[in-house]
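Asker: So you can see what is in the structure, the chains are spelled out below.
2 protein chains.
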Amino acid sequence: MPLSYRGCAKEILQAKGIEDYDLIRIVRKDGVELKGILIPRAELEDDKHIVMKLENGYNVGVSVESISRIELLRKRKETKEEPVVQELPVKQLPRVPLIVTGGTITSKVDYATGAVKPYERPEELLDLIPEISEMANLSYVPLMSIFSENMTCREWIRIAKEVEKEINSGSEGVIIAHGTDTMHFTAAALSFLLEGLFKPVILVGAQRSIDRPSTDAVLNLFSAVKMAVEGPIAESMIVMHGSPSDDYTYAIRGVRARKMHTSRRDAFLSINEPPLAKITRKSIEIINKNFNKRRERGEVRATDKMQEKIVLIYSWPGISPDFLEFVVEKGYVGLVLAGTGLGHVPTRLIPKIRELTRDGIPVVMTSQCLFGRTNLNVYETGRLLLDAGVITVGDMLPEVALVKLMYVMGKTTDMEEIRKLMGKNLRGEISKSLSITVFPPGDVYNV
Amino acid sequence: MPLSYRGCAKEILQAKGIEDYDLIRIVRKDGVELKGILIPRAELEDDKHIVMKLENGYNVGVSVESISRIELLRKRKETKEEPVVQELPVKQLPRVPLIVTGGTITSKVDYATGAVKPYERPEELLDLIPEISEMANLSYVPLMSIFSENMTCREWIRIAKEVEKEINSGSEGVIIAHGTDTMHFTAAALSFLLEGLFKPVILVGAQRSIDRPSTDAVLNLFSAVKMAVEGPIAESMIVMHGSPSDDYTYAIRGVRARKMHTSRRDAFLSINEPPLAKITRKSIEIINKNFNKRRERGEVRATDKMQEKIVLIYSWPGISPDFLEFVVEKGYVGLVLAGTGLGHVPTRLIPKIRELTRDGIPVVMTSQCLFGRTNLNVYETGRLLLDAGVITVGDMLPEVALVKLMYVMGKTTDMEEIRKLMGKNLRGEISKSLSITVFPPGDVYNV
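From first to last, the protein sequence lines are chains D and Z. For what it's worth, my numbering labels the leading residue of the first sequence as 590, then goes sequentially. For what it's worth, my numbering labels the leading residue of the second sequence as 590, then goes sequentially.
If you are wondering where the hints come from, they were derived from the structure by calculation, not from laboratory data. A portion of the hints provided could be inaccurate.
Which copy is meant is left open, because identical chains are indistinguishable; a pair holds if it fits in one copy or across any two.
List time: in silico DMTMM-like cross-link candidates among lysine to aspartate or glutamate, alpha-carbon distance up to 25 Å [to be verified]:
hint	residue 1	residue 2
1	K697	D976
2	K637	E622
3	K664	E600
4	K1013	D911
5	K898	E944
6	K624	E660
7	K618	E600
8	K894	E784
9	K894	D911
10	K697	E969
11	K664	E723
12	K878	E944
Work out the full structure, taking the sequences as your base and the hints as a guide.
Answerer: Below you can see the structure in the form of structure tokens.
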């Protein structure tokens, strides 16, 4: 392995025969000792810092000036030179594919522009987390390389098909590396698309790329592998940081997850129910006991059809009925509304909504509050909407209702069947009316 | 005052000469004593319960069977029969108008259908909170009676004009009773419309109507009056429950508030900054010290023009460029996007966005994460959006960006001026990049 550092950092590392990914110890002038793996530096970074990944999974940058002593503890294991280990694992480890779709978790910072770009050699991700190789026989499946905002239902189906293949051929669980922007949409899509799921399907990502000291990729990926191998839950879920510190992750049910912060590591929240589990380096603690259990044997089937021509509209005061005309004019066949409060839109929209439902276009009502359930029986506007044929879906998130309508209308065009399936809890996306209300998010997470 | 009860409840109340709104004491068979004001019962309710408002503001229903003794402590003050007090207040109390627009706070349950309908005699609201009459000279201004989902910018301007009149003629503060569905939109609109504001403007509402035992109307209205009279903050703000209990409220800056739960009493959260203040029955505790201060004298001006033809679109994977064609076809002149993550939409939308901005239609980018700030410099999609002319607005909420664009385009049609005003912090709607991140909401509220 070469050494990527330059300048004065390179000098002191080279003097000890240290190369990228070696295990080293640094003793600082203030007496602090740090032990960890040397992380490569990009060409345009400064030569004043040495970056290492500590055993707790956290990356630190150590200023060259502050170093009193530096030691090489162990050379990096060169897996590339041990092909025998690759083909015949010494231990019979569970097989876990890592399906790569793109996103920050497989990216690094371009120090010329400060921007984030995809990795050229994605295996580097695994080099940084050697303990994973003792937990699972992880295979790398580069399925696609796109920013998650560019996903469509065609990509969701491709991923579902790959998951089907992997699980039916004996994988203990499947991990999907994914951009965080739309990870919750994909997680919801996989929840619906995978029928008869009997192993964990885990979406994992990073809010900060793995070459940054504050990366969340290491703990997230470690947790994902742990859930895939040891977790009892056979559902589509998201595993990401559960706190701003690098101490634990949450597994959140795919149909309950929503990205609720642009940049924090703990950006994903479980909406309207507690997370499924809390994962630390040592244990998996089940929080929500109501889940689909992992089974030894089974057969999963990936649905390969979704209806793409569905629209999601968040209502606002002043929204005009011409929005609904547009739905028909552009050939859309389904509409999800994120109304205000309990599920309302201005009453001037109601005649148009009635026309849509009469013409066989399902109109589903959710709430832009996100938390809580809709109830169209309390206020007059709600009752008028019900009378106009609007479909109610309890406490389902707007984004999940969109994905579910794509799935349901891929299966049937019969209005009554669509109404029945949308209102029925299929994957945990609708809770019973007596479920505990979880709000604000912080409320339940420390239960 | 008559007695609205019937059956066995009526019998035991009448025997003591008790009528609606009298102060009574009930001793239950289990020894518990309750002291409070007798609340009227609707015609279709059962005759097995007596409902009273306790001194802590909470309503309780007491089963007739459980009562051991009942006493009349004080007859209700019949303000209607003391017109002298109305015209010449004994104490020189600060003048506070209660502008009524509609909503649950001025509604009651129709027990025939279980639905909520507007009050016929809105003064009943005040009858239930006698302590208010000692705090302020509250006048009732029935401006309109609409469900808040039917508000448009025309109503926002009408309210702003009324506030202007009231404040410039000597009111100490203004309270606006409003439906909760779109209260945060109106609060944001008033923030922008009222230039040179020097007194508090407080929106208040209720998640449960005042005749229900679990009503939040009493504490909310009490807190609103307290803020209007004693509070140091001259801004447009929302005052609503701060916890699921009936113990305190938060004052949330109008441009930072969002209704985040369909039914809970503490449904409003302050997004991306702490609430302005916490209000208990005894005190106002300032949390966010950065606010516009109340002044003795001044002149407020209500802007009377907003641009209504603005569209708000929450993006999703699979959204098609035809949405943006629709903007032009239907004559819209501005577009606010709630992108994913740091502020992204599918790259296939970017050519259309470029066309829009080139044609003089401003396109503003916000994030549907709601929490956190947008940053279009991190990923390629963001940089392409910037290049296509998208306007960035930091950590402004999508709904606030919509209202602000309506306001800004009511003032100017010059693209550069629009860009400058949208990106500039006018009323606390954009925070500096180094502001403390508040997330999850529970994090900061107990500081």
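Asker: For each hint given before, does the structure comply? Return the numbers of the non-compliant ones in rising order.
Answerer: Numbers 4, 12, in rising order.
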